[in-house]
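Protein chains: 4
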Amino acid sequence: MKTECEIKVRYSEVDRMGIVYYSRYLEYFEIGRANWLEHFLCNYKEMEDVYKIGLPVIECGITYKKSAKYEDEVLLKTICNISELPKFITFNYELFKGRNLLVTGFSKHLFYCFESKKVIRLPAQLSQKLIFE
Amino acid sequence: MKTECEIKVRYSEVDRMGIVYYSRYLEYFEIGRANWLEHFLCNYKEMEDVYKIGLPVIECGITYKKSAKYEDEVLLKTICNISELPKFITFNYELFKGRNLLVTGFSKHLFYCFESKKVIRLPAQLSQKLIFE
Amino acid sequence: MKTECEIKVRYSEVDRMGIVYYSRYLEYFEIGRANWLEHFLCNYKEMEDVYKIGLPVIECGITYKKSAKYEDEVLLKTICNISELPKFITFNYELFKGRNLLVTGFSKHLFYCFESKKVIRLPAQLSQKLIFE
Amino acid sequence: MKTECEIKVRYSEVDRMGIVYYSRYLEYFEIGRANWLEHFLCNYKEMEDVYKIGLPVIECGITYKKSAKYEDEVLLKTICNISELPKFITFNYELFKGRNLLVTGFSKHLFYCFESKKVIRLPAQLSQKLIFE
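Chains as they are written, first to last, in our numbering: chain A, 21 to 153; chain B, 21 to 153; chain C, 21 to 153; chain D, 21 to 153.
In short, the hints are calculated from the structure, not lab data.
Computed from a predicted model, the values in this text were never measured in an experiment.
Certain hints may be false.
[Stated by the list, open to error] Pairwise CB distance ranges (calculated):
| id | chain 1 | residue 1 | chain 2 | residue 2 | range |
| --- | --- | --- | --- | --- | --- |
| 1 | A | 72 | B | 63 | 25 to 31 Å |
| 2 | C | 93 | D | 141 | 45 to 51 Å |
| 3 | A | 118 | D | 28 | 39 to 45 Å |
Where is the CB? At the ideal position from N, CA and C, for every residue including glycine.
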């Protein structure tokens, strides 16, 4: 259960050292995550607007091996660990430039209901989609 | 009807040329605008959450004279033109480093009601605050 | 002399009102500008690294007609006015969602040499590319 | 060896859920880190421009306990572990709103020389400052 997406580094994402600013990878990860969710579970906007469920992050981490630079075309692989469902969902990310692994990371999320304003378990109607994938 | 606030340039705001990235000044302007609103009209969060009014921007512009750099401590002056009330409100901004004028700009806003989802005139209970200032 | 590029609105670009934050359009414009430069003049990274020329912005403006929202797929058209060359170059931008024009804007740039640390005219070897296009 | 700094949450830092976007805390951490470096070691700009040394991050992590919201005034505590010097330096961060701990995190950095384009050990003239603090 893995998705891939291509990202081209923008000028606005590069810092004084000429490399992608260290927080920007979390924005890339979010693109990968939204992609994965759309493919395997539910469009994220629909999740927020129709199901009234958000996925706030409770933990994340990044390991930097090589720098991405302005105009680099990088490939983000997103792999999801669904073993902690329905309470948590964890995404793992790998960012490549060609064959070079630049950055790895993860983010762990819980499910939050905007209506009850409480942490919830992922509703069965959504989690079933994953099981039957 | 003018406010001033100090801003210190962050590393994350500086680009590959070592200067503040050109869109970041709009983030600074927003700080000045929130400041002005809090001082003369109403705290912006209160405006959104209590009055259910937002101030979407309909036009803005920036003129760049000199660059702000990493760690520069700059002074933002915000002057508001309230002559177009209650339909519009326009803010003018001047960003100084010491005596040097670095950047000028403006933003023009209308009033939007989150409940009726319509453009509105600024309610009298709010606009009166400005008149009696 | 016009280029087009597609942009998908990221979650990180959307604000508390659920719409693209007003400064983010300048980041989109920069993508359109880099695209245009690559197509008609010179890859921007090459311009900075090989020719040692940067294009600092001296003025820009945005007019907001409709809001772009999270996950919107928008089309950015970039048209360049080269009549002020070799001293200045001005880009005009139009952002569409389907047939709806959301935002228009412009940015005016001069040419800056990183080596002499001076404002320069665009070297003939580069400006000729435009004339013979 | 600890520093503290106050940060006020900007509108541009808040996402569609009304809370600080998850990558923004790394920008806050960088403010705390620059502060700590200035206080105990060397102004970061001076380090880049005079000593030609950068501190690229090799690893970082964030744990989210509670959300910071628009206009929250938060306090960032930065504590540095210098036991890995002169090869690495690790910063630990705690972000408070009043007595509530919102977010914790860390970032681990190495030293990079912009002139030799190599990873280096922190020069003695700089590391001595820390020992005699």
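How the hints compare with the structure:
For the pair residue 72 of chain A and residue 63 of chain B, the beta carbons lie near 28 Å from each other, so the given range of 25 to 31 Å is met. A hinted range of 45 to 51 Å for the beta carbons of residue 93 of chain C and residue 141 of chain D is consistent with their spacing of about 49 Å. In this structure, residue 118 of chain A and residue 28 of chain D meet the distance hint of 39 to 45 Å, their C-beta atoms being roughly 42 Å apart.
Checked against the numbered hints given earlier, this structure breaks none of them.
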